[in-house]
Amino acid sequence: MRENPRPQRTSLRRARTITASVVLASLALSACAGDQSALDPAGPFAQAPHDLIIPVAIIAAVVFVLVQGLIIFSVVKFRTRRDDDGSLPVQTHGNTRLEIVWTVVPAVILAVIAVPTVQGIFEQMGEPDGDVLTVEVIGHRWWFEYYYPDYDIYTANEMAIPTDTPVRLEMTAADLARSPDQGVIHSFWVPRLAGKQDVVPGQTTYLNIEASEPDRYLGMCAEYCGLSHANMRIRIEAMEPADFDAWVEGQTTPADVPDDGTLAADGRALYHDLDGRQACATCHQVWEGEADRAPQQGPDLTHLMSREEFAGAIHELDEETLRAWLEDPNSLKPMQYEVNGIGMPDLDLTDEELDALVAYLLTLDPDA
Amino acid sequence: MASSTVETKGFKGRPKGESGLSAWITTTDHKKIGIMYFVTVLVFFFLGGAESGVIRAQLAQAEMDLVTAEIYNQVFTMHGITMVFLVVMPLSAAFFNYLVPLMIGARDVAFPRLNAFSYWVYLFGGIFLYSSFFLGGAPSGGWTGYAPLASDAVSNMAFYAVGLNILGVSSLAAAVNFIVTILNMRAPGMTFMRMPVFVWMSLVTNFLLLFALPPIAVALFMLNADTVVGAQFFEPASGGDPILWQHLFWLFGHPEVYIMILPAMGIVSEILPTGSRKPLFGYAAVVFAGAAIGFIGFGVWAHHMFTSAIGPVARSAFALTTMFIAVPTGIKIFNWVFTMWGGKLRFHTPMLFSIGFVSMFTIGGLSGVTHAIVPHNAQQHDTYYVVAHFHYVLFGGALFGLIAGIYYWFPKVTGKLMDEKLGKVHFWTWLLGFNLTFGPMHMSGLLGQPRRTAVLPGELGGTVELYNLLSTLGVVVLIGSALVFLFNLIRSIKAGQAAGDDPWDARTLEWITPSPTPSHNFDAIPTVTHRDEFWHRKYAEDDAGKVVRVPAGASEDHDTDHEGEHIHMPDPSYWPLVQTLGVFPLGYGLVYLNFWLIGIGVLWMVIGLYGWIIEPLAEGDDDEPEDAHTPTGAAAAAH
Amino acid sequence: MGVDHRKLGMWAFLGSEFLFFGGFVTAYLLYLESTAGGVGVEVFDIPFTSISSFVLLMSSLTMVLAHHAHTRGDLRRMRLWILATAGQGMVFLGGQVYEFNVFYREGLVLTDSPFASAFYVLTGFHGVHVFIGILMLLSIFVFSLIGKIKPNQHLKTEMIGLYWHFVDIIWVVIFTVVYLIPEIAVL
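Chains as they are written, first to last, in my numbering: chain A, 15 to 382; chain B, 491 to 1129; chain C, 781 to 967.
Source of the hints: derived by calculation from the structure; they are not laboratory data. No incorrect hints appear here.
Here are a few chain C residues that face chain B, going by a calculated C-beta distance under 10 Å:
(1) Tyr811
(2) Phe895
(3) Ser919
Cβ atoms here follow ideal geometry from the backbone N, Cα and C, with glycine treated the same way.
Start from the sequences and build out the full structure, keeping to the hints where you can.
Laid out in structure tokens, this is it:
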């Protein structure tokens, strides 16, 4: 080890070039990232961790190139040559000074990284300043329910928020008529707006999100929660504050009751009484202006058609898919109603019943 | 069944004979047990590999439905359980078994029959777990078994709770065994600081097992009680705390990572010096770094829970410990690299895999440090970025190191070399397939792909789809590569080139004995005067300070004086196998809460235990007198 | 080193066991108030459990005497003390069975609350350990009767003693943490 590792320096210089190109490449990739990319933050709560990880990634890239460079260099330089005389190399046992260097240097680097990390943790978990919108999130198997306590709005899968407003999510998990009895752990994750936070039955966890631009931000449940974990999607519809106010207006209007004699009115009757089979109203709610708007086991349907997607936001909400869903829900999304009562049951609906129910559900739209 | 003409002390006759099926199933020879571990691991490795094939096939394209979500969830759960508990851990145990006694100059482990017991419990635990596929479906709650999903009957996690506890018994018995073996049975002169690094890492690993297994045993018993009896440990409705499971699980689960990686680190620390023809750079630093990793490894568990329901103070504390543990890891990596520095490297297959280990493990280590950046961890956690990370640690790390060990010690076990050409094909395809599979996952994770989804959501976009396709292609390469390895293994066993006793110009004691190793290991227990004892018997410095080879045979330890002398070895025994069969009724009894089965299982094992106790360790021993135990040295090795 | 394999092995095993009980004790403390509206620590009968705890503690003394007799090669006296130890263990176990019955009738049901689950599983596992200890004691008793245990094999008694003392110490912890401290806190 006495010889000065000169070649190391050249490899270091090479390292810098490679690092730069690696970082550039990842930036290029983030530019074409999808709607669910953690590399493309769209709000302050996603931006802060992003700004923290980039320098760390660069340091990691440097270390990567250094170590791999050393390995490759050693492999090339110290290979046994064809004309080797068979003698043994110098038998070094170690070098205390070098070893101290590679103990202390990483320790110092890590100590430097640690400071903003700890700061970031407290910032990330603290309550945001200013005008905060609170939304309660309830993770169900396998859909997210949202409740706006300020407006008494229930909705599912798709959450509307105003732009440039910090949103504080108060989250818990529940199943079966909102009892934590069979609730399991989920994780709320919309990468472009914030990192994820687990949603735990029997406890409340918090997450801050904020969107800088109006857009539809995609997310997914990120903690394995059983059969249809893959089908538990999140949509954040960020809109200008004025649009958000209009949305609130629509959502706080009771659902219309269809006129007597129409197909939709038949549907509404079936919704409440399915002739011995479990009626929709046992698990869903369509709020028609009653005093209290009580949450149910299944998603609130009051303004169903104001949402673009359904069934854990894996399907477009249109007449055809809605009909297919009512006919055989498990074919659109695997559920376990027969086994443990989780999900939508197969109700054995006749064609006429299907027509009526779909007609009724299609009327549930505040803009109609 | 062999009958015996000698009067025996046990309930029934003792098995005799050195070969044949009964010699294997009744063996108490640490080498045979090591080989049995290895063969069993190979079977489970291909099962776990097939499961990963199913996973990658399903995710090759977006929105595929090759298998149902139900099957997919069972398959990924079993893949994790298999690779962790039935492949990497027992493969390390295979190496402990075969090598530790040889490396410390002993003739067997401290408790030979307990050793056989460990193996049988492992085998039966594995069979028990896999039997769930035929009994209403395999566990599907993920290998981390997060409650309360795991305590929901639909997840079939009773098999997981009981099966892992069975495997835990195996590991606990082995841990006690190897700790005592290493502390008590070192050859004269084999001080701690002369122990091969592999032995050191075995010691640390087994201490980790000793202290990491209780928390998961506790958690599994609770889960078992919840699922089967209806206890309320993790039921939020009555005030149970699901986070308790996570703490207990990861209190085991993080040391577990080091349980899996440290043996591989030990193996690489043996192979790199041999392949570089110079001693390990900074032996003491490597040893202490290993011990430090083991120690700090108990203080980082909550970094698996950074997005769970824990507060900012806990998150900060565990971020710091997690960063801290990177330091000893870094020390090791640099010491390995500088072991090669200035050497004369020979790129035989074990060396290639060892270098591959250092290189790939570094990547896993670096992505590990990024996890400690807690605010951003919230983006990485439970995504394919994490899947990439831990495969770089456990596949690129542990498995590369263990495979290096297979190639390296194959000649020790069989007396034959594995084919070098096929070995190199294996290495390069393995390296390519591995990086092709897991490299892209870093990106697909950051681009928003969560782990454990039964379909690849199309909405993640074309880039993510492309990365997934690459990963699947990588698995295809890996499967081909694994088959090359298997072919090489079988062919080399049948018709490998004769290796001689010291094919690598090795450094440690196990190569002093002829290959394959005779059943009593050493004709005479060696006296150790150096670290790398064997190397120092082969080489000496001449007057000019140049290293020269000692004339062949001058120091070989085939001491003829001892030939014909009676070497006292433990006899084979039926009892470990017989007793262990009781885990089946006991296990199924605990899954189905059948007190008859539980009773039969317990009774069976107790009776087996008495058979074991009454039978002396070796025939002719009248249950050895107490005072004959001199723990260190030749006499001890015989027990 | 100088420690016999089996003794060292037993120490290692007991170290592991210590953490095993540590896990359950932690869970119990966590769930001290998670009674789901049902019965909690008030169900404990401290005087009763104190007596059975005292019996178990005393059995450690007879265990020491058994080992001492064995080291002197006095198998007859060793057997006597071994029987006394096992007997006290059985008294303790009987007390536990009785206690469980009473608690159950007073509404502390394993499946009702995390508190009940934690209590029964922790003390139950301890009971299983005592039971195994009694089996070992009776075994060595019988083996020494039929001549399987020789006067010079006192290590065997010592090993059982190690285990037995461990089980006792664990009970001291359990009795303090599970019964006494919460009771005092409640009062």
